[in-house]
Amino acid sequence: MTAGNGQSRESAEPAIDPEFTALPLRDLADAALTQARALGAQHADFRAERLRGQRIGLSDGALQTLFDADDTGLAVRVIMDGTWGFASVVDLTTDAAAQAARQAVEVAKVAAAMNTEPIELAPEPGYGDVTWVSAYQTDPFTVSVADKVALLTEWSVALLRHDAVSHVDASLQQVRECKFYADGATAATQQRVRLSPVLTAVAVADDGRFDTMRTLAPPAARGYEYLTGTGWDFEAELAELPDLLAAKLIAPTVQAGHYDLVIDPSNLWLTIHESIGHATELDRALGYEAAYAGTSFATPDKLGRLKYGSGVMHVTGDRTAEHGLASIGYDDEGVASQSWDLISAGVLTGYQLDRRMAQRCGFGRSNGCAFSDGPNHIPLQRMANVSLQPAPAGGPSTDDLISGVEDGIYILGDKSWSIDMQRYNFQFTGQRFFKIQSGKLAGQLRDVAYQATTTDFWGSMEAVGGPQTYLLGGAFNCGKGQPGQIAPVSHGCPAALLRGIRILNTVEEAQ
Amino acid sequence: MNAVSGCSPQEAVERALAASRSDDCVVIAEETSGANLRWAGNTLTTNGVSSSRQLTVIAIDRRAEGASAGIVSRAGVRPEQIEEVVREAEHAAGEAAPAEDAEPLPGAGTDGSFGIKNGEGHWGSPPGRTEIGVLRDFAAALGETLREAAAADRKLYGFAEHNLVSTFLGSSGGLRLRHDQPAGRVELNAKSGDMTRSAWTGAATRDFTDVDIAGLDAGLSERLDWAKRSISLPPGRYETLLPPTAVSDLMIYLYWSAGARDAADGRTVFSKPGGGTRVGEQLTTQPVTLSSDPLAAGLRCAPFVIAHASGPDSSVFDNGLPLRSTAWIADGALAALHSSRHSANLAGLPVTPAIDNLVLAVRTPGAAPTSGAGVPTMEEMIASTGRALLLTCLWYIREVDPQVLLLTGLTRDGVYLVEDGEVVGAVNNFRFNESPVGMLGRLLEVGVTVPTLPREWGDYFNRAAMPAVRVEGFNMSSVSQAS
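Chains as they are written, first to last, in our numbering: chain A, 1 to 511; chain B, 1001 to 1483.
Derived by calculation from the structure, the hints in this document are not laboratory data.
There could be a bad hint or two in this list.
Selected chain A positions facing chain B (Cβ under 7 Å, derived; list incomplete) [claimed, not checked]: (1) T65; (2) D71; (3) E117; (4) I378.
Anything over 12 Å on all C-beta distances counts as not near chain A; from chain B, calculated [to be verified]: (5) G1107; (6) H1179; (7) D1180; (8) L1224; (9) V1279; (10) Q1282; (11) P1303; (12) L1349.
Just so it is clear, CB atoms sit at the ideal spot from N, CA and C, and this is done for glycine as well.
Just chain A, with the same shape it has in the complex (with noise of 0.2 Å):
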């Protein structure tokens, strides 16, 4: 066995889980693909995975939903007479793996009657039997589901002696994810440990008004030293939380209008993820998603040429980043992880893909975008890691973007989000609001959502803060696909500085 693809490590190296790696994934692997060449599929495909998530929720310091689930299944996908058939079976037995196999063939002959596009993939090196596993320090299935519910109880009743909490609810979402591929030429054994932790903390005053406000603390694809202190610190964030939230609760509802913005890494994020991440998402510009998610407005025939944004606006694609959610070794067609530009000085100059649409249109190989949420799901090309850059070292920070606004607002953290299925038209809000008045913070707003057009919105981005400034927000569930399949995904940025873009008011729209 080789080592990883380049993934850092922390301290002791973590194992693969072993009562994965116990299973006869080669033997399965083996049984599969042979039933399969033996029916003259041209490609098959396998993958076995076993999937770990706890759920934990909190309502008021009390317990509300604790959740244990242990998925685990088998896939195989074949082309048979240039026509995809995929199937996938619960039963860890070569037997099962066989059946599967003959399904899957069933499947492609049925479709065959619908199909004109013969499938044909770009090739990709074979890598042998190789493992790699992400990041962390603490596997949380490793830690008692008293600790964790008392650190959460712990939280909880420390937001509630504040005059201004109302209520508190407190969540952790923690998936341990084990895969196995194998085509023949790869045989990839993986894992990845990821946490979501939210709380927040609801303010109801007398006459009826609520609102909310939410830990900006992202998920992360880490273990469970996220929640004691390794990169990020709760304890810091919770003692500024309701005086916070008090603040937005009586704070002056914004006039709508034209401003200035300084955004937020814990908000830019999902603006990054929707208007950007999906955006450039080869499937969706040639149409795979027409009917459901949608297409993107950046097709092909623009690569090299749109002007997606402003000349500081450099993006990248990758499944590299330590602690990203979308990071991996290898991906669900064996295509070894890369990063590469998406979008350079604001020109729009990679898509992500997968190997049929990388052979498709010519890309010569994959960039390793094929991801399935489980084994009883078929790969698409889903998002990487899809990330703004930052101003070189030296940079500025949040402090100098602010001081350059006369009249802008700073927004900290996400919330509603909606675009259109051509990724033009969008309107944001999130947790916290800032009015700056003559480059300094004056006190927050309520009430806010940012509406733009893509191109305009980014076309408007003046500058970005330095390292200093950058942060790995993401998502656990980003959805895509029929059937629905999610996908966790992150997306690093800086703090960012945009001109003259649209403000509404909340509570005017709804009148």
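Given chain A's structure and the hints, the job is docking chain B onto it.
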């Protein structure tokens, strides 16, 4: 690992209950199967079949300080692993703090609703199963439709799937309940060859025998013809005709937001300022009823609570509780909020658990709400229109402000201008900002209720029957360039 695995889900339930050492235990065994086809640009893109088997064990440890629940759900459990899952759940219960929603389990003496009694009926029959053959005839017909569309310079995109879930629920209190839920849908999107015009339709189906793909395509072809004349309109508030699918997406969000717990906590649109809920308050002068019924014709769903985890308004302690027809809005007034026994008690409301279908209908004097007598069809509503927008569907709906349940989203795949009773052309798309609660107060007309497929929420909720509605001043906040 090569041993033949598996036992029947009924046997899995019995074995798990027999292995249980906790004070109470609930076991849910589910057999799931599915088949799907997806196409784009007149050709196949993806497909697949899948099957799974899930065992969920809820162990309840009743201690002096309160009852705790440990829940473990595992796929692909082999018979010899059942006891292991039970022990894991018991271990989790032992570690867990007391559950706030602890209640006695519904017992074997509990009436199963609507004639389903414990252990009777089809409990013992094998679980249902679907496979790719369900789609065989459909795939052949679709292939022909794709070829015809290509010949007519149209591009078709879409998705068809059929799923079947057989659920077996047993408890240490003696409950034995079973429900088979078939769910199918087809979605079809047609675009002109130059991709400038787009139209969508969809249908929910239980078995695909009632799907006429050529007929669906013909309807879309007519709508693409409507769009040959394009009209630019600015943002603003427009009288708008919302078709049943758009109404369903807005009403489903309203329904999801109508939980008793959060309303009682003062944090939803259904909270009463100063405390309590708005149950009993008139939301609209139109005599509309928003309701759920496990036995609704064509929309049948589980007639008892199936809860894998507890939440604000669901409780694992309620598993097996019978569900009955419930009006959430009756004659325009808020009538109920969905709840667990625990959250209903907190809110001071009757126990009305959530049900997995939704019907909006208008009552006319002397007629049942769903009869349709004296209620206009969509076509009649268009014919009686002076000037209004006619939508196809809504998309990317997200909550902006829970205080008033302000939602934002987009129009999609066809916005048309109706003048003097005729569709005169296609209008640009818009971003809307609207509250479904506020919208109820501005209903000008409510049409006949028909089965519909929610465009936005159909992945999670596809059993709905809705009318078309005419709304005064629907807020189109800005223009979307998407087409």
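So, going through the hints one by one against the coordinates:
1. T65: 5 Å, holds
2. D71: For D71/A, the interface hint holds, since the closest Cβ of chain B sits about 4 Å away, which is under 7 Å.
3. E117: At about 5 Å, which falls below the 7 Å cut-off, the nearest Cβ of chain B leaves the hint on E117/A intact, so it holds.
4. I378: Interface hint status for I378/A: holds (5 Å vs cutoff 7 Å).
5. G1107: Fine: 24 Å to the nearest Cβ keeps G1107/B off the interface.
6. H1179: Given a closest Cβ separation of 20 Å, the condition holds.
7. D1180: The claim holds: D1180/B sits with its nearest Cβ about 19 Å from chain A, beyond 12 Å.
8. L1224: Consistent with the label, L1224/B stays out of reach of chain A, its closest Cβ about 14 Å off (over 12 Å).
9. V1279: 15 Å, holds
10. Q1282: Per Cβ check, Q1282/B is outside 12 Å of chain A; nearest 18 Å; holds.
11. P1303: Holds, since 24 Å exceeds 12 Å.
12. L1349: Answer for L1349/B: holds, closest chain A Cβ roughly 18 Å.
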